[in-house]
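Enquirer: This is what each chain is made of:
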Amino acid sequence: MTDEEPGWLVTAAAGGDQAAWEALVERFSGLIWAITRAYRLSRADAADVSQTTWLRLAEHIDKIENADRIGAWLATAARRECLQNIRSKARTVPTEDMSWFDSGSDDDPTEAEVLRAETEREEANRASLLWQAVGRLPARCRQLIRILMAEPPPRYAEIAAALDLPVGSIGPTRARCLQRLRRELGECI
Amino acid sequence: MSDEPADDALEHELRQLAARLDPVPPELVQAAVGAFSWRNVDAELAELVFDSLLNTDQAALVRSSPGRRLVSFQTPELTIDVEVTTTASGRDVMGQITPPQRASVEIRHRAGVISTDADEQGSFRSASLQTGPMSLRVRPAAGGPRPPIVTDWLSI
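As they're listed, the protein sequences go chains D and A. 1 is the number of the first residue of the first sequence in my numbering; add one for each residue after it. 1001 is the number of the first residue of the second sequence in my numbering; add one for each residue after it.
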């Protein structure tokens, strides 16, 4: 995974370079997925939001003003799509909230199945406790932590764009939320 | 005072946990790669300037209702207003081009491309679209060899 400035990838993709586009997808699809899960979208809705975000970038790519901030551009677009999705649901029939740490989805290996496959019981126990502790965090912390979990690690500017928060608040909020998570886990690591 | 190495270690552990318990679906990555082929290099972009889902002011509330979404796209020359209605079979779309004019309209959505025409009043419609990303590609009948207009994508 490259950590180079993604700006040149944007420029190359705007010129029609499919490989540059694929590098952008590799770099940021994890971030967009994490954002949709932070807003607790179902897998189907997350797929819609993700795809709309990428299609929108494809159409805008030769008009991006600050190519080096493409991650924040994508995070902003994904956040807006998530909010639109949530609002469209709120205005029609209320649907089941299939949150990302629920284990009810049919097409997914459930948390329990994945954990059962763990060879080390202790390790599975720790993972299960940690996962559940994240789910118990206050909404803002849970969202920030879920986005922080993206691979590759997102930049603070991207997390800020995903949550519509000032970039300067991300570091302190991260520290506070991780501390809160430790309290939920009941340990002092 | 936070303990930075411990925070970094916990963050790393969380990232590994998400990769195992809630990984990015491969089909989502494939779709993102495929999005590049929908690009219109020759087209003029009509940007989203209004969306009733994002506007909660009184006027928007009066004009919209549950199951009915109003969006507007704009270029310097024209406006495309679209009403998206939720039905049992998916989404119905009614569009209006202003100033009114004939045009060929392609509705690009999950299931492919639907071709239709805007009449001399500039209105067009299509029924039973699949939910998911949608964009319009509009080619005005008059005005000679101008580039087509594509709208921003939105999820319907």
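Note that these hints are calculated values from the structure, not bench results. Accuracy of the hints is not assured; some may be wrong.
Just so you have them, the derived chain D footprint on chain A, three or more residues with Cβ under 8 Å [unchecked claim]:
no.: 1; region: 1013-1020
no.: 2; region: 1095-1105
no.: 3; region: 1113-1122
no.: 4; region: 1146-1154
Here are some chain D residues the structure puts well away from chain A; computed CB gaps all over 10 Å [stated by the list, open to error]:
no.: 5; residue: T11
no.: 6; residue: A139
no.: 7; residue: D164
no.: 8; residue: G168
no.: 9; residue: A175
Ideal placement from N, C-alpha and C gives every residue a C-beta, glycine not left out.
Enquirer: Now, for every hint given, state plainly whether the structure supports it.
Expert: Cross-check of the supplied hints:
1. 1013-1020: With 7 residues closer than 8 Å to chain D, the region 1013-1020 of chain A meets the three-residue bar; holds.
2. 1095-1105: That given contact is violated, which follows from only 0 residues of the region 1095-1105 of chain A lying within Cβ reach (below 8 Å) of chain D.
3. 1113-1122: violated (count 0)
4. 1146-1154: Holds, because 4 residues of the region 1146-1154 of chain A bring their Cβ atoms closer than 8 Å to Cβ atoms of chain D.
5. T11: At about 14 Å from chain A, T11 of chain D clears the 10 Å cut-off, so the statement holds.
6. A139: holds (17 Å)
7. D164: holds (13 Å)
8. G168: At roughly 16 Å from the nearest Cβ of chain A, G168 of chain D sits farther out than 10 Å, so the non-interface label holds.
9. A175: violated (4 Å)
Consistency with the previously given hints fails for numbers 2, 3, 9, ordered from lowest to highest.
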